[in-house]
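Asks: Listed in order, the protein sequences are those of chains A and B. Okay, so the first sequence: first residue is 0 according to numbering that gives the first Met the number 0, each after it adds one. Okay, so the second sequence: first residue is 0 according to numbering that gives the first Met the number 0, each after it adds one.
Please keep in mind that the hints were generated in silico from the structure rather than gathered at the bench. Check the hints yourself; a few may be wrong.
Claimed, not checked - Each pair of labels, with its calculated beta carbon distance range:
#, chain 1, residue 1, chain 2, residue 2, range
1, B, Gly44, A, Pro188, 54 to 64 Å
2, A, Gly369, B, Val83, 32 to 42 Å
3, B, Thr42, A, Asn53, 45 to 55 Å
4, B, Gly50, A, Pro198, 44 to 54 Å
5, A, Leu219, B, Gly52, 35 to 45 Å
6, B, Gly44, A, Gln226, 50 to 60 Å
Said to hold, decoys possible - Partial list, computed: chain A residues near chain B (C-beta under 7 Å):
#, residue
7, Glu88
8, Gly205
9, Val255
Unchecked claim - Non-contacting residues of chain B with respect to chain A, defined by C-beta distances greater than 10 Å in every case (computed):
#, residue
10, Ala54
11, Thr86
12, Leu101
Where is the CB? At the ideal position from N, CA and C, for every residue including glycine.
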Amino acid sequence: MLEQIEGSQAAAKAIALCRPEVICAYPITPQTHIVEGCAELIRVGAIQNCEFINVESEFAALSVAIGSSAAGARTYTATASQGLLFMAEAVYKAAGLGLPIVMTIGNRSIGAPINIWNDHSDSMALRDAGWIQLHAETNQEAADLHIQAFKLAERLSVPVMVCMDGFILTHAYERVSIPNQAQVDAFLPSYQPRQVLDPADPYTIGAMVGPEAFMEVRYLAHDKLLQALSVIPEIQQEFKEIFGRESGGLFHSYRVENAETVVVTMGSVAGTVKDLVDELREDGAKVGVITLCSYRPFPLDGLRYALQGASKVIVLEKSLALGFGGVLASDVRMALQGVDTHVHTVIAGLGGRPITRKSLARLFARVERGEVKDPHFLDLDIDIVRREIDNQRSQITAGPIAENILREIGPCGPKAV
Amino acid sequence: MSDMTAEQKVKFYQKGTFTAGNRLVDQARRSVQASMERSNAITSGHRACQGCGEALGARYALDAAMRATEGRLIAVNATGCLEVFTTPYPETSWQVPWIHSLFGNAAAVAS
């Protein structure tokens, strides 16, 4: 049923339809509305047979989820940013134990400096932990991906992160089609755990594995994620058959046929890029955009195939590897090994700075003219940055960068983009 | 010059005492820890040092809990000696369901 609904609430309703048995989460902006939504649905009886457990921290949240999932319950939690880092060792643990937990990440930047707005640094920080990472482009896809996530997690025995851009998706009201219970029941069977903590049939879960076996265990975990590259499209197709729409999968291609320049990106910014692509196509430019949905596993072969024919690739990402450069851009370059395609790294939107169509249009024009250096930071205030760098050359500075800027330049008002 | 020698007579104190688990006394005077029906939630084969107090204490606590719960017990174990010496992959000395948590989250995982 179509509803004008906040992204968080749409996610909560989708999760409720999946009949979770345990929900345990600690609040953190921008995920709070999701968990509050779930709690309210349990309170009014919209979710049956589900225990909501209040926990004292994010580390506790995922720990409770681990215990719950290991005991055979379908388990859900959510976090973001600092919370994800706080539960970091449990994130690796859940993957290592093969527990099919589904966790929403309301993507938010990581401090210092503390910042509550959207970028992808949080999920990027845990990209190698062994979880499947799916990125939603819209609130519809966010709701749908949660439903697909439980099926995917339980089929493969791998935990799944569903990433939604904080505020931009979580707090935005959009038209979302919320499925009905019968559809979800037809798509998602009940959880049948294969190995469970049960006094009637005791198992030891989590033994200490030494050098003689650890590499094999890790290899198999890697192989399992590579298997996911086939299972994700299968589940996308199964979803389409029951719910009647395209959602999820490895990536979405938009007007990529005969494109000379292809933008590769992830998450909600794809909407803005698509609008720009339509504009540019009107003017005769041959441009398209690929929006990655599955970041882990990373579809190296699929992307390489989809990008053939493009002479220029612009990777637009909301992440930055300090001291190195683009994160997504490096992955894309790996997919294009040996192929003669120019890849541009564009870092944008860090800490929630808006990415506007106007700015992107200006950037793409400059890329066409060959004027853009790599990596490019979209809408960076060059003056402030140059002054601070010059200042660092003339004296030894220490301490937080943000505070240092103010010391030299004085307080600045908010900049209009 | 010292009177001390390297040899000392080894005295066996066990026989005839009420040391918990003592099976050298007659049936009537044995404690519950000596019972053949003891659940041995942690059984032999673990890699603890000889005489380890933790192994002994854990066995007592667990077997008491097994009696209290009539065998419906799941163990959650934080990282530490106990976890390491009882579960050297691919072996385990646990006869009850058991999961390794991490550090400081055993209670949370157990929730």
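Asks: Would you mind marking each hint as holding or not holding in the structure?
Replies: Against the structure, the hints come out as follows:
1. B:Gly44 with A:Pro188: 54 to 64 Å: 39 Å, violated
2. A:Gly369 with B:Val83: 32 to 42 Å: 59 Å, violated
3. B:Thr42 with A:Asn53: 45 to 55 Å: 37 Å, violated
4. B:Gly50 with A:Pro198: 44 to 54 Å: Violated, at about 30 Å.
5. A:Leu219 with B:Gly52: 35 to 45 Å: At 38 Å between Cβs, range holds.
6. B:Gly44 with A:Gln226: 50 to 60 Å: 36 Å, violated
7. Glu88: 5 Å, holds
8. Gly205: 3 Å, holds
9. Val255: 44 Å, violated
10. Ala54: The assertion about Ala54 of chain B holds, with a minimum of 16 Å to chain A.
11. Thr86: 4 Å, violated
12. Leu101: Non-interface label on Leu101 of chain B violated, nearest chain A Cβ at 5 Å vs cutoff 10 Å.
In summary, the numbered hints that this structure violates are 1, 2, 3, 4, 6, 9, 11 and 12.
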